[in-house]
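Student: Take the sequences, apply the hints, and build the full model.
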Amino acid sequence: MTVTAAVVALALGAGAVVLGVLVFVVDSMARATFSLLGSFLSVAGIMLILDLPYLALVTALMMTMEMAVMAVFMIMFMMNPAGLMPMSMVHNKYGSAAAGFAVFAVLTTGIWLVDWPVAPSGARSDTTAQLGLALMGEYMLVMILVGVVLFTTILAGTILATGRGRYDRFGPDLGRRRPDDPVRGGLGR
Amino acid sequence: MSDVVLLQLLLTVAAALVGVGVYGALSQQSIVMVMMGIELIVNGVLVGAVSAWYFLTPEAPDPQILIVLALVVMAVEMVMGFAATLAIYRARKVDMVDSATDLKG
Amino acid sequence: MSHSLVLTLLIVLPGAVGVALLLAGRRGDRSAGPLAVATTLLTLVLAVVAAAGRGTVSAPFIGIVDGGNLELAVDGLSAVLIITVAAVASAVVIFGTADLPRADARARFFGYLLLFTAAMLATVTATTLPTLLVAWEIMGATSYLLIGYYWQRPGKTSAGTTAFLTTRAGDLGLYVAAGAALAGTGSLELAALATADGGWRDVAAFSILLAALGKSAQLPFSAWLSAAMEGPSAVSALLHSATMVAAGGYILLRMAPLLEATPWVATTAAWAGALTALVLGLVAAAQVDLKQLLAASTGAQIGLVVLAAGVGSVAGGTGQLVAHAAVKATLFVVAGAWLTALGTQHLDGLRGAARRYRGVGAAATVAALTLGGVPPLSLWITKDWAMAGSGGALRIVALVGAALSAVYAARLLAVVLGPGPQPELSGAATTPIGDVLDRTRTRGEHGIGTLRVPTTTSAVAWTLALVAVGLGVLGLPPVAARFTGLLANPGQPVPGFTELALPGAIAIVVLIIVLVRPTLLGPLSRGVLARWAGLPALLTPRPWLALARALARVDEVVIDRGVEGAATAGRGLSNTLRHADEAGIDRAVDAVAARTQRAARGIRDIDGGVIDAGVHRFANSLRRLGGVMRRPQTGLLHQYYAQALVGLGALLAVLLLVR
Amino acid sequence: MEEMVGSPLDLLPEILLVLGAVTALLVGLWSPQKKQGRARVVSVVAALAAATAAISPLVGPNQAVYGDTWMIDEVTGTVRVTASVATAIVALLATSSLAGHPRETEAYVLMLLAATGAIALAAAQDLLMLVPAYLLASVPLYTLAGYRKDARGVEATLKYYLMGAFVGVLMLVGVAALILAAGGSGYDVLAERLPDAALPLVAVGILCVLAGVAFKAGAVPVHFWVPDVSAGAAPAMAAFITTVPKLGAVAAAYRLLAEPFAGTGLNVALVVAVVSALSMTLGNLAAFQQSEVLRLLGYSSVSQVGYMFMIVAVAARSDLAVPALATYLAGYAVTNVGAFAAAAALPQAQTLKAWAEGARARPWLVASLVVLLLGLVGTPPTAVFVGKLASFTAAADGGFAWLMVLAAANSVASLFYYLRWLAPAARGAARPHARRGQTPTKLATAPMIAALGTAAGSVAAGIGAGVWLALVTG
Amino acid sequence: MLLTTIVLLPVLAAGALLGLRRLPDRWVGRIWVLVTTVDLALVAWMWAGFDSDASGGGFVEGLQYEAKVRWIPTVDASYHVGVDGISMPLIALTTVLFLAAAIWSLREQKRPRRYAALFLFLQTASLGTFAAQDLILFFVFFDLSIVGMYFIIAGWGHGNNRRSALKFFLYTFLGSLALLLGFIGLFLGGEERTFDMVRLAANPPLEDSPLMGGLVLLAIGIGLAVKTPLFPFHTWLPDAHTDAPAAGSAILAGVLLKLGTYGFVRIAMPMLPSAWQQWAMVAVVVGVISVLWGALVALAQTDFKRMIAYTSINHMGYVLLGLGAAGLVGTADADVRVVATVGATVQMVSHGLLTAALFLLSGVLWARGGTYGFARWGGLARPAPLFAAALGVAAFGSLGLPGFSSFIAEFQIIAGALQAAPVAAILAAPGILITAALFLVAIQRLLTGPTVLTAAAGYGPEAGEEFAATGSPPDSTPATQAHAATHAERVRDPGAGAGTGVQEPTSPTNGGSGQLTGTRAGGGHFQDLSAREIVAIVPLLALSVLIGLFPRPLLDVIEPAASAIVQLVSR
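Protein chains in written order, with the working numbering: chain Y, 1 to 189; chain E, 190 to 294; chain G, 295 to 953; chain F, 954 to 1427; chain D, 1428 to 1998.
Where hints are given, some of them may not hold.
Here are the simulated DMTMM-like pairs of lysine to aspartate or glutamate, each with C-alpha atoms no more than 20 Å apart in a straight line [to be verified]:
#: 1; chain 1: F; residue 1: Lys987; chain 2: Y; residue 2: Asp27
#: 2; chain 1: E; residue 1: Lys282; chain 2: F; residue 2: Asp1103
#: 3; chain 1: E; residue 1: Lys293; chain 2: F; residue 2: Asp1103
#: 4; chain 1: D; residue 1: Lys1537; chain 2: D; residue 2: Asp1452
#: 5; chain 1: F; residue 1: Lys1102; chain 2: E; residue 2: Asp287
#: 6; chain 1: F; residue 1: Lys1102; chain 2: Y; residue 2: Asp168
#: 7; chain 1: F; residue 1: Lys988; chain 2: Y; residue 2: Asp168
#: 8; chain 1: D; residue 1: Lys1495; chain 2: D; residue 2: Glu1619
#: 9; chain 1: F; residue 1: Lys987; chain 2: Y; residue 2: Asp168
#: 10; chain 1: Y; residue 1: Lys93; chain 2: Y; residue 2: Asp168
#: 11; chain 1: Y; residue 1: Lys93; chain 2: E; residue 2: Asp287
Just so you know, the hints here were simulated from the structure itself, not pulled from any lab data.
Tutor: See the structure below:
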């Protein structure tokens, strides 16, 4: 790995941390969301440098979408979306800071104490192929399970989030031909 | 710069992200902000996993799978978090964790 | 009839009839008297036959080891005693039929009496420790029932209780003796005890001595005799003559070989007997109550038996036992007759009683003279025979004791033979019998007298008195030799002429002095001796009761509440930490909390002992812990997070530091 | 790569559960509101079928399938059977509160999926399998906790979710650390390489991974959700949440301790023992003063986890651990579900006092409660007694005699608060006449039957423990 | 099979009673009596077939009526039952006492069905404990007995019964868990890991590790000491007894306490012989302290039932003294130690019979006047001669008079223990005296003197509930006592009141059958024992006398087993 790459990676790392800190410093949820997105994108950059382009791309795309959803969500539901009114919504600030720092300190101490068995850096084979083979082979069952998890999440999230179900829309016997929705639109229309 | 130091520095970055995330999760009152803290911890995991893979076991796919799983975790927890927030907002018109303290003792 | 069957019947007959009478209850009242008389007379016959036959009986009982069974045998000593016991029992039962009011629960009375007789007969024929103990303890229990016969009247039952408990205290010795026998000889045979090895023999000997002293009311157990006088006269006549008190003397005589093998116990026994003779002699001399006087004299006379056993004078002791039985039975029968007739047993109330009831009066006079040791009457001989083996200080003490018997006998005679009471004395503490001439019924401290002595009673008294006198033949050397031979105990010390003459002379002199100047004894009656020389205080249950109460308090306050406090303190925090809106808890908590508080106060009451403070601290720490346990659940999520992190951090520390 | 993939038949119970979930969902989607019972029937049949299907591999040899990510052995088998049966019972006892509910179908579906997750936890033989299993065992429960959508319910959901998310990512950190340390994620790889790996890293990894399973099990110090969720959720849901995922979590912890964490230079067993001690003690002491039925049961389940972690602590140290785990999990599943069923039988009675009044003149309900609560205490001959006996024995055998003594002391302490529920109930039932002519509290039939059934089952399982053990170990 | 039938018959009957809802309540009591009678008959049958000369004597070999079914194979626990000379008498005692309790409770009005079912359940638990030859099975029944008794006290007791029941449950449960820990220690310590008592006794575990052996013995000892109870673990007992229903007290004292002492003989001695030898002196000392403590504290009681409760501690102390002496191998001959062991076993039986009778008699007081206070009864021999006679006989029996079973027991214990522990035995002897004192004082207070009857309004169980409702137990505070005194009606006997008259009791024929059905209300009446009460109590006393006079049939059964245990403990 070239020195440049290393420096860039570290710089991105530092950026990720700084942006991460900013998440809890800025006084607007929108800004916080975008800081978080920035942090994730920096990490995606690190991935890219460290020969994982596919995962970097997935991360970047997914986080962008997710943060977009989050932003929309905030703007729709939450108070103080645009940071118009500076406010503090924290409790136990110093305790939390101490806890966060303690975690950091413990981990860092460990990291710098351990004698890492670094592998000889050589030409990497196709990293994406490696991932794909693992997913389809050794870790196939894991991915199947992830599929079930996602199915479950859709179901559970929907149930939890929505106030109205099929019987509200189509009647107790599901006999209604057109759904009875307070707002027009959506499925079954 | 040797690989070892680079690895350690990157891991320190990961640790810092975890630390910041912990701070956020503990200190924020808004549910969504707590979730952001948790996301940051996952972010740290991502950095750790990718460094591990690159410097330690480039021949093993496990760290890569871990990254995939981390993303899944992040997505799933976002979904459930938003759903929970919506639910509690519907039931109690609050979005702050401190406001939900009926259950205690 | 085989010998063993006779022996069995001797015990079983009175026992079974007694139980039958008890089971019959009030329905048996009418037939109880005659049945009891018949039974005792038959028993007397059986006793004579058994004495001649010398049978043995064995019945399975505890087993396992030798001597664990119920075994009876008749040897010389037993032969003498069964006849004595049966004879006195018969006499007393006959007296009882005449003396006991018609309306009383006679079946119960005679039932107890017969059971008691059976127990005594078993005691004097027992050859194993279990047998002895069974008979011995049943005798004690029936004595309690007999003394407390008039349970309706205040004080009777507690008198019985005193008697039973005191004698039982001595009885514990027999339990220990049994253990020692088992340990020392591996058997429970009485005869084997003398051969026990090591210290076990000493233990056994001393324990048996203890039991004997208790039963025989020797020092320091004498006080129960006084209480036992609460029983009906017939009971006193039986208990204080041939049975119960005699049993202690008997067992020591029976165990003579054992005493011989353990000289220090023998010496102790001798001294206990001599001192009892002395002290109870004084006590008797100081009494103002006839029955109390007789009771104390009983202790004193049996003391000489114990002395005899201690010095190895078995024949003398046995003679003393038998002669005393006859004498004392006579006196108690007479005393009972007077009590019934005059309603009093107070000496003041009995002035001239012997003149008024000449029949029993004469018997009483003869018996009292015998008791006083006047030659050539029986007790004169036996007394000196009993103390024949003693010497030195022991002998002197015994002699003084013997002389005292003349003092109280004289005192008794002086009263009953003296002039009748003067009407103007009625201001005294106790009401005298009142005007004799107007023949109205009189009241004594025991109610209204019947003013009548039944013929039966007189007959019984006379018979017994004649026997008492007749036993004087023991003084004749051939008879004495025969008697000694009967007891299979040759080489016994026999009193010489001076040893007999001196006490006899002393007795006569003392008797005359007291008869002439009875007031000499006046001061004695006002001293501590009249109250049994303070002996009752010696055995008072008060310290035990106090100890019991103290322990009970410790039990309830310290141990119990301490434990309870510790157990409940886990939730003891209940009210302090509980928020006001969560108050709907079960009442029980309050109750327990209140109790815990009370417990705390109770614990505090017992000044800061070690337990107390420790329990207190433990309870408090548990209480605090209970509070800590609920406090983390604040309901605030960020605090959950923080606590979880801290907890995990601590676990990490454990993981890293503790390998 | 082909040999990496196992036969789908190896996963028959899980497949049956997931298929059952999908079928039930489809059936429910096209059923009228009042006729969603069909979905319940499908679910119960699927769960029982899964339990049945789990028996034959239980008897068969142990094997790791699908690239050694999934283990089929007696531990998996135990959880398969117990979780499936418990799910079926809960589905039945939920009838009273769910029948006609607009989301009735989905509740059964989520239960089946969560049961699958619990089994996956137990069977995971790879850290990377553990993570999705954790998710699958958590996500449905977040929803189930707040199924009533009332204030308490959603608060329970929120706390459960936030706690779960936080611990979940901590677990990810742990997994990452262990992968960093060992360079692999399979348990066999970990067992092989962790002993030589850097201790700090291993320590952090082990601790964070254990935190994850401890959270699912509801053990100290990540137990905070348990009482709140138990009290906030509907009784039937609480029964499910405090039973089924715990089975999987305890099994997962057991598997971790038995193999990958056993050989490290760290005294992991001691940490688990400490967790066990803290859980049982805290659970019991904190339950002392509870006046709400469900909250009391919540704390009681914390303490029960403490007892189960005793077995986990000695996983690698005693031969007796496997039978102990099998018996305790089975006993706990039956008894805990039963206790919640008893609570659910009087849906209006929230406090112990109200419950006692409601149980008046209902001797069978009281009798079931007596058996169930005394069962939780460990009174013979119920199933938990056999489990406790086995776990005490295993703990002592594994060198944790102090833990055994503590557990015994805790059992006595627990009796105290169980009696606070039991005694007034037994007495209340004793008085035939209601005080001021109140209308008697409504009795829910399905939970009542479930309580009776589990009570009988608890005794039967205790007496028939030999059969069960023969199945598991033979 | 016979043994299993005996053990399980009662619980099956209990299930049937609960199941047959249509059965009228009045039939419940009769069925209960019938079942217990059948059980007793079966035990008699078993006793008749029992071979007391069987080789081995029991424990390791010579068990009879054995049955064994595997239960939990992984820890080698099984359903293993059998009887030998120690358990046979106790099984018989159990069935006798439960029959007495059933007869006593024929008139039970309060939820008779459940009451009967609980007693039947308890009977199975007790019988099972005595029959068990497997530690786990033993524990199962042992623990169930606690549960059953808890519900009896809590449901049918009086006074402060809820609290007492709770205390009983917690305390004895603590003990039972200590016991369980000890069992686990035995299991783990053995070479072949098993819970089977016979195999553990044959091949005792932990022989080579005195420390572990001692600790295991400590756990078992504490567990059993709580149950027995021994000083200082006894404080649950007086409360539980005072507030329990009479039949419950009788069973608690008569049967359940024996589970503790039986455990010492069956488990502690044969399975931990070295430890028992090493620590036998502790057992002796604890026994002696219990003897004296129980007696002295009983002496101070002002409540009849409480007093009897404390005498149980005293009597159980003798048992431990005997068993401890049996373990002092170095200082005493085997024969002598056998005597002590036999005595201890007889004491269990004897105490069962006599104390049960005494508790039932105290139940008579409660039924008549709702109090046990000495201060509130007096001169009862006048209105109730049968009661007085029964109480007198029971008291004399209990104080160890020859002619009663207790004498056989105490004599053998003290005589047998003297060689092993002379000081202890001599110290224990005064216990006999103190017991005598307290019983005589009790008789004196209750039966003699002026007649005092308590016939307050609302006496009986209801009154107890009133006390419970106000939160203060009867006779606990001066205030309550004053309160109670206002209810107490002092009826002086005219004859006794005069103090001097030579008069017999005014109601000499009260014992006649014509009086048996008198009303119980109103002052001045104290209904004598009813036919039901007589049938329940008198056989117990009769049995005690029978054993006291003809002990051989019993001793023939016990002795071989006692020899066996002494031999086992001497290893």
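Student: Hints first: check each against the structure and report whether it holds.
Tutor: We went through each hint and held it up to the structure:
Restraint check for F:Lys987 and Y:Asp27: the C-alpha separation of about 50 Å exceeds 20 Å, so the hint is violated. Between the alpha carbons of E:Lys282 and F:Asp1103 the distance comes to roughly 12 Å, so the proposed pair stays at or under 20 Å and holds. With a C-alpha separation of about 16 Å, the suggested pairing of E:Lys293 with F:Asp1103 holds against the 20 Å cut-off. Simply put, D:Lys1537 and D:Asp1452 have alpha-carbon atoms about 10 Å apart, close enough for the 20 Å limit, and the pair holds.
Under the criterion of a C-alpha separation no larger than 20 Å, the hint pairing F:Lys1102 with E:Asp287 is consistent with the structure, at around 19 Å. Only pairs whose Cα atoms come within 20 Å are accepted, and F:Lys1102 paired with Y:Asp168 is accepted, the gap being roughly 16 Å. Restraint check for F:Lys988 and Y:Asp168: satisfied, since their Cα atoms lie roughly 15 Å apart, inside the 20 Å limit. As the CA atoms of D:Lys1495 and D:Glu1619 are separated by approximately 18 Å, the hinted pair is consistent with the 20 Å bound.
For the suggested pair F:Lys987 and Y:Asp168, the alpha carbons sit about 13 Å apart, so the restraint of at most 20 Å is met. Taking the CA atoms of Y:Lys93 and Y:Asp168, the gap is near 45 Å; set against the 20 Å cutoff, the hint is violated. Simply put, Y:Lys93 and E:Asp287 have alpha-carbon atoms about 14 Å apart, close enough for the 20 Å limit, and the pair holds.
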